[in-house]
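Please build the complete structure, drawing on both the sequences and the hints.
Protein chains in written order, with the working numbering: chain X, 23 to 533; chain V, 34 to 274.
The set of hints was computed from the structure by calculation and includes no laboratory data. All C-beta atoms in this analysis are idealised placements derived from N, C-alpha and C, irrespective of residue type, glycine included. Any given hint might turn out to be false.
[Claimed, not checked] Calculated Cβ distances over 12 Å to all of chain X for the following chain V residues:
| id | residue |
| --- | --- |
| 1 | Trp63 |
| 2 | Ala102 |
| 3 | Ser104 |
| 4 | Thr136 |
| 5 | Arg195 |
| 6 | Lys196 |
| 7 | Ala227 |
| 8 | Asn255 |
| 9 | Asn256 |
| 10 | Glu273 |
[What the hints assert, rightly or not] Computed list of lysine to any residue pairs in SDA-like fashion (alpha-carbon distance at most 25 Å, straight line):
| id | chain 1 | residue 1 | chain 2 | residue 2 |
| --- | --- | --- | --- | --- |
| 11 | X | Lys182 | V | Asp68 |
| 12 | X | Lys526 | X | Val261 |
| 13 | V | Lys155 | V | Ser134 |
| 14 | X | Lys234 | V | Met34 |
| 15 | X | Lys234 | V | Gly222 |
| 16 | X | Lys468 | X | Thr367 |
| 17 | X | Lys316 | V | Lys155 |
| 18 | X | Lys316 | V | Trp174 |
| 19 | X | Lys182 | V | Ser66 |
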Amino acid sequence: MRSQPSTQIARREFCRTGAALSAATAFAASADKFEGALARAERPNILFITLDQNSAEAMGHLGCEHVNTPNMDRLAQHGVSFTRSYSTDPVCCPARSSWFTGRYTPETGVVANGRPMATDIPDLGQWLRKGGYKTVYAGKWHIPGRKVEQSFDYICPDPKNTAETGDVVTTRSAEGFLRNYSGDQPFFLSVGLLNPHDICSFVLTHTMYGGKMPFPEIDDLPPLPPNFNVTMKEPAAIVSKRARYHDESGEESGMGNWSTALYRYYIWSYYRYVEKVDGLVGVILDALAASRFKENTVVILSSDHGDGHIRHKMVFKSFLYDEAVRVPFIMSWPGRIRENVIDDTHLVSGVDVFPTVCDYAGVAPAPDMRGYSLRPVAEGRDGEWRDFLVAYTQNDGRMIRTVRHKLIVYKDDPVVQLFDMQQDPWETRNLAEDAASAPLVASLLKQLDDYEGTFKKAKVDWSAGKKTPTSKNTEWLAKVLKNQPERDQNGDGVLTLEEFRNTKPPGAGTK
Amino acid sequence: MPEPWEYPVTKKVLAKQELPSGAFDPEGTWRHSYDIYFMNVRTKRGTSAKRPLKPAASVDVRSGRRERAVSVGVTYTAQMDGDRTVTEAICANDTLLAPVSWTQSFANAAGPGEGLVESTRKGEVKNGRLLINGREPSVSWQLTTYTADWCLFDVVQRLALRKDRTRHEFDLIEEFSILRGRQVLLGRGMTTVATTAGEVEAQVFCHFGESVIPTLYYVDTNNRLFLAVSTRRTIVLREEA
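Structural data, given as structure tokens:
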């Protein structure tokens, strides 16, 4: 939904950049030798605004015509918006653990929501506080095992899944801090906004409508995405996740009878939540602009993960298609960071937040970090940059993204996915189904394994009360079998993922 | 098709909450206190039934006639932990009660940010331009037909009084701070809502637009707003004065 042309930024007004920079080899500079680090006296304030469940695509300046995000757009207009920015693990706790440690989730130990973070890894709050910063936190934190108040001055509580009103309190607290802070120390203010996470209530609250769109008054529903109908081979974890949402077992959320209009209405609603949080971003940016910190504050905005918003017929997160794993990443500091730039060259990861912030703060980064400072890129200085990044999901799925390709592989699943992200950005053709792609698949898999081999992995004890993705699938397949015994092809009383994949529910395709 | 008041959480709230009833003058002086309940975010069926039902937030809306204007006051506690936003507004006495000037103060007394995060601001609409503390927000435009979200609690009662079910298009000052375009408010006709006191006849108004998922306002036959529902929130009248 768009309005008020005076606030819009046309895509063509942005210049594109980065093509001249080499993407050939991994960034090799030693992490503790940042060139051009600012003298302590010049250290800027740093404002880190985090969103929850905001897909990279869901911003006006990146071409989405169905959402109005004037505030994220103007931040991008006064800075750099990285389009190839990826969550390390597209669900709340894991992604957040990477932001605040600079490490991938097998190292932080937060491999799923609720898993505690390894105690021996410093977080950004502790690190900057030691480096002379006033560290302040407002809103959603959600990193189990690490108490936010031990690392930050915690000025506003976690809204706990009530974004529609909680985000207002978080924003007003941040606004109040920017107005009232009178100290001499530079600050690192992290503002954890929760929307568009409120979309998570959509599915359950719409089960009662029998698949129909309940608000015919709304006449500007976005179209279905071009990858709505999935015909390629997918890993069982994805197939079963989609099937669970679509209620093939009769136990879960019941999207199975959704009409086309209701799917489109989900997308419409998602964009309204994006607009909701964009407005609050605007309040914070305006408060900064009205404060004494206006000239000397670096702003970074990102999201922990995206949302399916019906792409690949998926909702929510915890999978590795771009709609869930690709996130906004905008940096702004007028006069220092380049302005009006959409960077669609550099691969950016959530692990880059920590070293980037340290670079601007003039603080040596913590040991063993996996990320790189984006400062040279943001400021337009040539240099080498990584040529791949990785991401994880649910301690089960892994992804490697190179400049051109993306490989997704799940534990104990023979179905691997390979996409050419230049030719097929909607991820509709699984090139791994073609035998000719085998060498590339093997090469990427080796690259992923080799890189992961350098990790100092945290010990993850899945037996401590949490269900594993595998056990979740087993339980769910038992429920499917109970309602649809005909899908047990070999009649052994157990429905396997392979049998599930090879069969359809009774009546499928007749809706 | 079911009505939004039939969401499981909303039905449960209505089944336990006693609603004020009897004569009511929306154009007089009144105060309504509402409890705000949040919808379950889980995807599994049945989980909401196991959770204790308690309000997560509250809002107190006050209204009174002035000579040519209406005063609207809003006290809003978003997290029930000591945060408090108080807005006192003077609105034009027009169909949508367009806010003309207001003060807004925020405090989070129970939070560790006590003293650090408190703030007060003045808002006004001057020559059609929104000003917050004398500055125009970065995202701003000329306002003609507009209101504020909390003013709608008053507006729908006045529309019900006049049996006005037409489509109103306007801009919105969300939380008395943020401009939102392309707003629509329209009457959806009459319905019947099951409450502790039995079935209540209600006029229904639907509001949606930029940043706003459809929100249904239910106004009883005495023109009293007793329920507002979206897929995210159930706001139910607790007390009237």
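Pair hint outcome, Lys155 of chain V versus Ser134 of chain V [Cα-Cα no greater than 25 Å]: This hinted pair holds, its Cα atoms lying about 8 Å apart.
Taken at face value, is the distance from the CA of Trp174 of chain V to the CA of Lys316 of chain X at most 25 Å? holds (23 Å)
Minimum C-beta separation from Asn255 of chain V to chain X exceeding 12 Å: can you confirm that? Check passes; 26 Å lies beyond 12 Å.
Just checking, Ala102 of chain V versus chain X, shortest CB gap more than 12 Å? Non-interface label on Ala102 of chain V holds, nearest chain X Cβ at 26 Å vs cutoff 12 Å.
When you look at the beta carbon of Trp63 of chain V, is every beta carbon of chain X farther off than 12 Å? Per Cβ check, Trp63 of chain V is outside 12 Å of chain X; nearest 23 Å; holds.
Thr136 of chain V clear of chain X by more than 12 Å, beta carbon to beta carbon? About 14 Å separates Thr136 of chain V from the closest Cβ of chain X, which puts it past 12 Å; holds.
Minimum Cβ-Cβ distance from Ser104 of chain V to chain X exceeds 12 Å: It holds; Ser104 of chain V is separated from chain X by about 22 Å at its closest Cβ, greater than 12 Å.
Is the claim that Glu273 of chain V lies outside the interface with chain X correct, judged by CB distances over 12 Å? Since the minimum Cβ distance to chain X is about 22 Å, Glu273 of chain V lies beyond 12 Å and the statement holds.
Under the criterion that the straight-line Cα-Cα distance not exceed 25 Å, is the pair Lys526 of chain X, Val261 of chain X satisfied? holds (12 Å)
Just want to verify: Arg195 of chain V was marked as not at the interface with chain X; is every Cβ pair farther apart than 12 Å? Arg195 of chain V clear of chain X: closest Cβ-Cβ about 20 Å, beyond 12 Å.
Pairwise hint evaluation, Ser66 of chain V against Lys182 of chain X, where the allowed Cα distance is 25 Å at most: holds (23 Å)
Given the hinted pair Lys316 of chain X and Lys155 of chain V, is their alpha-carbon gap at most 25 Å? holds (21 Å)
Violation of the numbered hints given earlier is absent; every hint is satisfied by the structure.
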